[in-house]
Amino acid sequence: MSEKSGISSKYRKVAYYPGCALEGTGHAYNRSTKAVGKALGLDLVELKNWNCCGAMEVKNIDPKLQTFLSARNLKIAEEMGFATVMAPCNGCYHNLKKAEYDLAHDPATRETVEMLSAKAGDVAYQPGHVSTIHALDWIREAIGEEGLRARVRNSLKGLKIANYYGCMYTRPRHIFPEKDQGPGSESTNAPHFMDDLLAAAGAENVEYPLKTACCGGAHTLSDSNTSTRLVLNLLTTAEACGADVIATECPTCHSGLELHQARAAKVFGTVTHVKILYFTQLLGMALGLSARRVGVHENLSDARDLLRARGLG
Amino acid sequence: MPIHEKSLIRPESLLRQEKLVLDGVDVSGDWSTFIESRVVTDYNEQMEEEIAALPGGEFIHRCWQCGSCTNSCTVNAINPEFNPRYWIYLIRLGMEQELLRDKDIIWQCVSCNKCTYACPRDVMPEGVMKATAHWLELKGHTTPSPAMVFDEVFSDQVFATGKIEEGRLMRGFFARTGQKLTEDWFVRLIRGLVTRLPLGLLARLGWAAVRHPRTRGWRRRRQAMTDYVAEQQVMHRAALRLPPATERRR
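The listed protein sequences derive, respectively, from chains A and B. So the first sequence is numbered by my numbering: it starts at 8 and just counts up by one. So the second sequence is numbered by my numbering: it starts at 8 and just counts up by one.
Source of the hints: derived by calculation from the structure; they are not laboratory data. Every residue, glycine too, gets a C-beta built ideally from N, C-alpha and C.
Estimated spans, in silico, between C-beta atoms of each pair:
# : chain 1 : residue 1 : chain 2 : residue 2 : range
1 : B       : R244      : A       : R156      : 57 to 63 Å
2 : A       : T277      : B       : T150      : 28 to 34 Å
3 : B       : I42       : A       : E185      : 51 to 57 Å
4 : B       : D234      : A       : Q133      : 21 to 27 Å
5 : A       : R311      : B       : V241      : 54 to 60 Å
6 : B       : L249      : A       : N232      : 29 to 35 Å
7 : B       : A167      : A       : A90       : 30 to 36 Å
8 : B       : E56       : A       : M87       : 41 to 47 Å
9 : A       : Q133      : B       : Y50       : 42 to 48 Å
What the simulated footprint calls covered on chain B by chain A, stretch by stretch (three residues with Cβ under 8 Å from a Cβ of chain A suffice, anywhere in the stretch; the number is not a length):
#  : region
10 : 120–133
11 : 147–156
12 : 160–173
13 : 235–242
All chains should be modelled from the sequences, with the hints used to inform the complete structure.
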């Protein structure tokens with residue numbers, strides 16, 4: 008940490024991989040992530056001419072193609088001179104981590120990626136050059152809980168939050184070698200980085216047992232009833248835990264929760280009132296940014312009344 | 008009762024006798040229920056190898072039937088028939104007919120990876136579910152599931168442009184599955200959003216839908232990837248002892 012700013016130099020300036028969802032349905036996440044970075048004095052440099060990470064869908068067609076797609080983004084970060092790339096989307100984050108792991112541990116994957124890269128006219132990415140971090144790691148590492156607490160201008164005091172991490176941030180364990188390393192590291196079983204940050208911003212985190220349960224995001228459209236049931240479980244549990252807001256860190260989870268909250272009301276007749284906000288939106292407002300600046304009006308789940316009533320935004 | 012004997016007590020295998028005399032003794036009432044005798048002979052001895060030849064199925068041989076996968080499974084919690092451990096058991100034994108009873112739900116795996124997280128033998132059951140769904144389709148046991156269609160529409164767009172534009176993805180998926188985009192709860196939701204969104208963002212999203220965001224210089228990568236997919240499809244069919252495909256489905 009540099010003495011004056013309290014900002015860790017390691018993550019002061021990192022490569023930024025928004026991914027496809029953050030340019031569409033997850034636009035509010037993109038907007039709030041950038042706004043929070045700016046408010047904290049951190050620099051995000053977007054990867055030049057990036058491509059889709061392969062998501063779950065290309066992986067289902069062939070996992071090695073997904074590795075090829077993700078590895079190309081890692082190569083771009085390397086060529087731009089970055090040792091760290093930050094991906095706020097759980098899917099992108101997961102895939103870049105998985106590509107790094109598979110390239111380092113599976114010779115068959117490395118061979119296929121090298122073959123595909125050669126055909127495509129690219130230089131293949133070699134593992135070990137770029138590490139991928141999530142937006143949570145980024146803020147927590149660069150600013151820290153103490154640093155955040157010192158910068159809060161509009162405390163989230165009184166806001167009860169259920170922190171929802173989803174599947175891709177912690178599973179499977181082997182692609183996240185830095186997690187489960189004892190005190191200070193993230194836990195794959197009971198993740199807490201988002202809880203820590205929001206607590207530092209003044210929020211009251213509720214005990215939420217479904218932090219890493221599945222929202223059914225993979226089948227949002229192809230098996231809507233399963234997704235709606237899974238989401239409804241998340242929503243009703245959050246309400247039972249006393250939460251006003253579910254904080255999310257993934258555009259697929261976020262839009263899944265919003266869409267299926269509306270669908271559940273219509274199709275199953277179960278109405279839930281808990282609001283869904285990206286954790287970056289909550290942090291942004293705590294840092295004194297307006298609700299509009301962090302894109303609250305872009306969410307399907309309209310939280311503006313709740314936030315106004317709590318004196319936020 | 009071991010999991011693989013479950014089939015013996017299905018309602019259609021139970022024989023009920025109202026009146027029963029055995030060796031001259033009337034045992035009606037005491038011995039009213041029997042199970043049909045059954046000998047399994049129709050094994051597909053290649054089944055495990057076939058699944059292992061498809062992406063995700065590589066480590067099925069490691070399974071020792073502890074049941075951690077089913078115990079942790081998201082879908083099993085809402086549908087007890089969804090049972091990865093049982094399916095892995097059937098595949099390893101080659102009990103194809105028994106597996107086919109569940110052919111229409113295997114694709115419903117949501118890839119939450121709880122099974123892969125819980126598995127003490129690194130079987131990667133999530134991958135096995137994908138391989139099995141893929142196998143069912145290649146063998147002609149099922150038509151392409153909605154999830155598989157979604158994967159294909161999605162991947163085709165990534166191969167073509169390098170990126171995903173969600174509006175186009177949804178239209179493509181609904182067109183191929185013959186669904187309407189106009190369910191009233193969905194329309195109301197979008198309408199509510201549109202009244203709140205700033206004009207600038209709306210214009211941007213509209214422009215993206217027309218222009219299709221794409222990665223520059225993608226042509227050679229597209230070629231490399233689509234060639235690879237075609238090669239893999241040939242290999243998969245050969246591993247399953249299927250004749251070469253006459254045409255690509257898409």
